[in-house]
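Asker: Go by the hints and put chains B and C onto chain A.
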Amino acid sequence: MNEISNKWIGTNTIRPDGADKVTGRAAYAADTSMPGMIWGRVLRSPHPHARIKSIDTSKAEALQGVKAVVTSKDIVEFPVDKAVPLGIQDMRWMSRNVMAREKALFHGHPVAAVAAMSEAIAAEACKLIEVDYEVLPWAIEIEDAIKPDAPILHDFVQFEGKPSNIAGTLEHKLGDIEAGFAKADVVIERSFTTRPVHQGYIETHACLVSVLSDGKTTIWSSSQGQFMVRAMTSLLTGIPQSSIRAIPAEIGGGFGGKTIVYLEPLATLLSKKSGRPVKMVMSREEVMRATGPTSGSTSTVKIGATKDGTIVAAQGVFYLQAGAFPGSPIRGAAGCAFAPYNIANVVSRGFDVVSNRSKVAAYRAPGAPIGAYAVECVLDEIAEALKIDPLDLRIKNAAREGTKAAHGPVYPRIGLLETMEAARKHPHYKAPLGKFQGRGVASGYWFNAGGESSAQVNITEDGNVVVTTGHPDIGGSRAAIANIAAELLGIDYRRVSVLIGDTATVGYSNLTGGSRVLFASAIVVTDSAEQVIGQLKARAAKIWGISADAVVWENGEARPSGDHTGNFPTMTLAEIAAKASETGGPIGAGVQLNTTGAEGGFSTHICDVEVDVDLGIVRVLRYTSFQDVGRAIHPAYVEGQIQGGAVQGIGWALNEEYIYNKKGHVDNPGFLDYRMPVCSDMPMLDAVMIEIPNPKHPQGVRGVGEVPLVPVMAAVANAVHSALGKRYYSLPMSPPKVLEGLDEGTLQAAE
Amino acid sequence: MTDMRYLAPSTLDEAVGAFAAAAGAARILAGGTDLLVQMRAGMVQPGLIVDIKKIPELTSIEETADGGFVVGAAVSGAVLYEHPRFGEVWPGVLEAINLIGSTQVQGRASAGGNLCNGSPAGDSVPAMIAAGATVTVQGPNGRRQMPVEAVPVGPGRTNLTPGEILVSFTLPPRAKGSSDAYLRMIPRTEMDIAVVGCGVNLTLKDGVCTAARVGLGAVAPTVLLVEDAAKALIGSKLDDAAIEAAAAACRAACRPIDDKRGTIVYRTKVAGVLLKRTVAIAADRAGRA
Amino acid sequence: MAKLHISTKINGEPTEFLCDPNDSMLDVLRGPLALTGSKEGCGSGDCGACSVMLDGRLVCSCLMLAAEAEGHEIETIEGMAEGEKLHPLQQKFLEMAALQCGICTPGVLVASKALLEKNQNPTETEVRYWLAGNLCRCTGYDKIVRAVLDTAAEMREAAR
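Chains as they are written, first to last, in numbering that gives the first Met the number 0: chain A, 0 to 750; chain B, 0 to 288; chain C, 0 to 159.
Calculated from the structure, these hints are not laboratory results.
Beta carbons are placed, not taken as given, at the ideal position from N, Cα and C, and that holds for glycine.
Careful, some of the hints might be misleading.
[Said to hold, decoys possible] Footprint (simulated), chain A over chain B, 3 or more residues, beta carbon under 8 Å:
| # | stretch |
| --- | --- |
| 1 | 183-194 |
| 2 | 267-274 |
[What the hints assert, rightly or not] Here are the simulated SDA-like cross-link-like pairs (lysine to any residue), alpha carbons at most 25 Å apart as the crow flies:
| # | chain 1 | residue 1 | chain 2 | residue 2 |
| --- | --- | --- | --- | --- |
| 3 | A | K386 | A | R189 |
| 4 | A | K736 | B | D257 |
| 5 | A | K6 | A | V465 |
| 6 | B | K52 | C | K2 |
| 7 | B | K275 | A | D742 |
Here chain A stands alone, though its shape is the one from the complex (with noise of 0.2 Å):
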């Protein structure tokens, strides 16, 4: 008998890829080579906006060692006026993202790209390029952008039927917002900044490439998406997707980030001028002047209640900033903003400005935790105007199943309440605060994706199982597939191997985003293999000469059942395995599916600060996040989202923050003085899990990545002004503003 319950979902498995990871034998983007490589690297423009008269590569060309140059001439044009949508992506703005055409948008934006025998010889060869540039005004943030005398990034786009550099709107409606808020007794309206902050991924971004004169073309790089490789490489350098092989590479941190292409085009063509492989790596600086951040953001929230906290009417607008090229997630600040409550009406608007900075990428829950952290600042305040606890005004208002939400959905079964309850009953709640300590709390949603996903579940002749799926595993989703497998089969885990295939051996599978990765692979595995375990039945019934309704399947063992019990001796996996060649050859199963059924998540933060307030230092003392999973299929990893979001937050709330310069270059690209939180800034995190399985997926997961990140920053700033009676409108709240906004009145308050 088998004496392993196989009960894995649930359990803290060991992760398929851990030993690689520990002994540092995994494979990141920058640590393979080939034969007869050579180094890539990208000449950046100097300014934050000047038209591009010419560029003039013949110098560069002709220095010893040069292979190859390419600049925008070499990428496949897309015209402004016609719009190509890859995602969520325009391939207009991203041809011109990896390579300015027309003009460059921002201090750092490619120019030319250089491929050389050594990293040397092509940042020489970089420096040999001349560019004659014509110098523009330029608008960094977005007070400047949408000044009406502004320079204007992009002829073509308009506002008001203006040039201008609002380069979108949207707006979400729900009721009478005046009726809403003329039944209100307390009306409270603020606005709030936020800096862009950058994902802050550990791996910076790197590829390697080789087109073959065939013009087979193979990929190997990390991102969140191998087939976002190849269709957005296909697309701007016109190699047809079949000729392309996208490699992922164990991927380094990503927090969306690693959405879109920045190497990969460059990269190809430079390998197919110079007919050899070529790797690009970006350096630190790189990365912080040249790929996304999230957006920075002016927004203004309104919110009216009545005298029993009943919230009547919101208002939200909120300006994001999209860098130099159309995008901003205003979608998520605007849709994810009043979604955690039930109001009856709402208006919620989003504008999407461009200026002279780099594009912003996807940052996990891309704009919701700009949404979150206004209308949660002001929630406190009807709180405090109303003196209803902060949790009591946000349990009375939550949504629930059937709530509306202004941005579209009637919710299912959800557990926002169980997270607000949970913080509610926690010990955090009413834990002592000593002076000058504060206590905030928030909520947070976040949509949630499904999406394109494709699974491959094979058993091995040994009678184990391979599990190839498509999305890049960034956080320990392999680990979480194994379980499912395991425990479907009836095995133990250690028997499932689980491999993140390449676009050539594993069907189309959407981008590592949206918090999608395990709930789409789920249930595209789930399918896969029940339609392996109705094959190992059937082969177990040929081989006893029953019917394969007779036969059932339990602690991976075929067992012939009904009249036949008993009958014949179990068969194992391995022994049908054995005899899969006679009895009708390979046994696996793949499915391919458009998941749908992700639904949003929610969550809620309990965080504690001290502030000192003589040097305006704020630290995190405790903090405590509430989330509905769904399930948590492997709960280590779980609570690692949990935790790893909540830093992430605190570090936007406290120091994270791009600074220009007066030239308008990013004065802190490293990680010197771009301030992530360090080890000892931060305390132990409590996750505290709450599992109400969603109704729509096999197992009852939820999405689990992004939502962690949504509250945080609102938490913290409820948490400064509890230990301050201060309240402060903009972030970061770094020491020099803190302790600017505090006077002797204000301590005295507070003491």
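Answerer: Here is chains B and C on its own, set in the frame of chain A:
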């Protein structure tokens, strides 16, 4: 591309000879934690690197007969931390040196490099100045000594003459009742450059401050010796009025800039706050010394 | 640029390599020596992903010239396990999910091992400050700190 040579001489004479001969194109390599970053960023492109870590005098720690210390310029923070006596006698200097960078950086970075890098924000410098440390430098024209505060002349610049190499720091013997402390303000708990740094060294006799020196970093083009702050402390029982006067002297001495690490207003306020906190720690230690 | 010939010992094995005078130790580890377990996250000593031991002392290999390895000993993540047997820290990191993307993991493990060699019973605060130079963007550090503390406790128990 520039051709670069690497030399690791085992004698100081050899090092000085090579350094002087390279006439400005050479850089001294001690821990390398600033130099390699600058090289990579293209801020410096040396033609010659002179690695001084194979020269015994630059990597040794000596407690002198009179109770002072001579610390080689290339001694790393981690090595100094492990010295059985240094941290007892100069806890402020040691904690300042140990605040330079991470554990990894501590394995390499030296007080000599910190000083020669010429940053007004170098952590060890205010503490060394407060300690009354002197440096020994050797160049083509022989050896000379000068107080630490005489070394930096501006951001990234020192008054070492071409070919001169920083050899060692000399810390004076301690009177009974003496101790020191160093504090810096950084936004995080680690890994930042000081926004303000403050070193205080003082002697207490029967509760009265009989000697004091105050070093202040990151508030002016060079690290400052704030004599007015010391004067406010000397002769007092470190009462609130004296400490407030010293803090005011620190604020008055500030000539900071607005930059990505802090504002003029912030740095000036913080200088006073840190003075008070650092005095309290140094006084507590001195009371037990 | 004339290459330098360097004789050193890496993970216990005498090793020779050629390098340019301005190559960092990390460049040589990851390039000619193919020891890509040490990662470059910043190249400026701010992230710790390139952490190695130099003569038993924790350093950033990006802040060290390869030429400086002459006559010295270097240990990298590749030398941490003894054959098939993982170091207790490696095992504990797996068991406690103290890694997510894993890019910082080699540096964190090398640094944690250096800590436990000096201090068999570190406090949480000591672990946090020791590891302050190892950036991790995924975990929020919680599980890393717990794994180091747990490993230390187990190693103390095993040594009794």
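Asker: Does each hint hold? Answer for all of them.
Answerer: Hint by hint, here is what the structure shows:
With 9 residues bearing a CB less than 8 Å from a CB of chain A, the stretch 183-194 of chain B meets the requirement of three and the coverage assertion stands. Judged by the Cβ-Cβ criterion of 8 Å, the stretch 267-274 of chain B is covered by chain A as claimed, because 3 of its residues qualify and three suffice. Among the hinted pairs, K386 of chain A with R189 of chain A is consistent with the structure: their alpha-carbon atoms are about 19 Å apart, no more than 25 Å. Distance restraint check for K736 of chain A and D257 of chain B: the Cα-Cα separation of roughly 13 Å lies within the 25 Å cut-off, and the hinted pair is therefore satisfied.
Only pairs whose Cα atoms come within 25 Å are accepted, and K6 of chain A paired with V465 of chain A is accepted, the gap being roughly 19 Å. Between the alpha carbons of K52 of chain B and K2 of chain C the distance comes to roughly 21 Å, so the proposed pair stays at or under 25 Å and holds. With a C-alpha separation of about 19 Å, the suggested pairing of K275 of chain B with D742 of chain A holds against the 25 Å cut-off.
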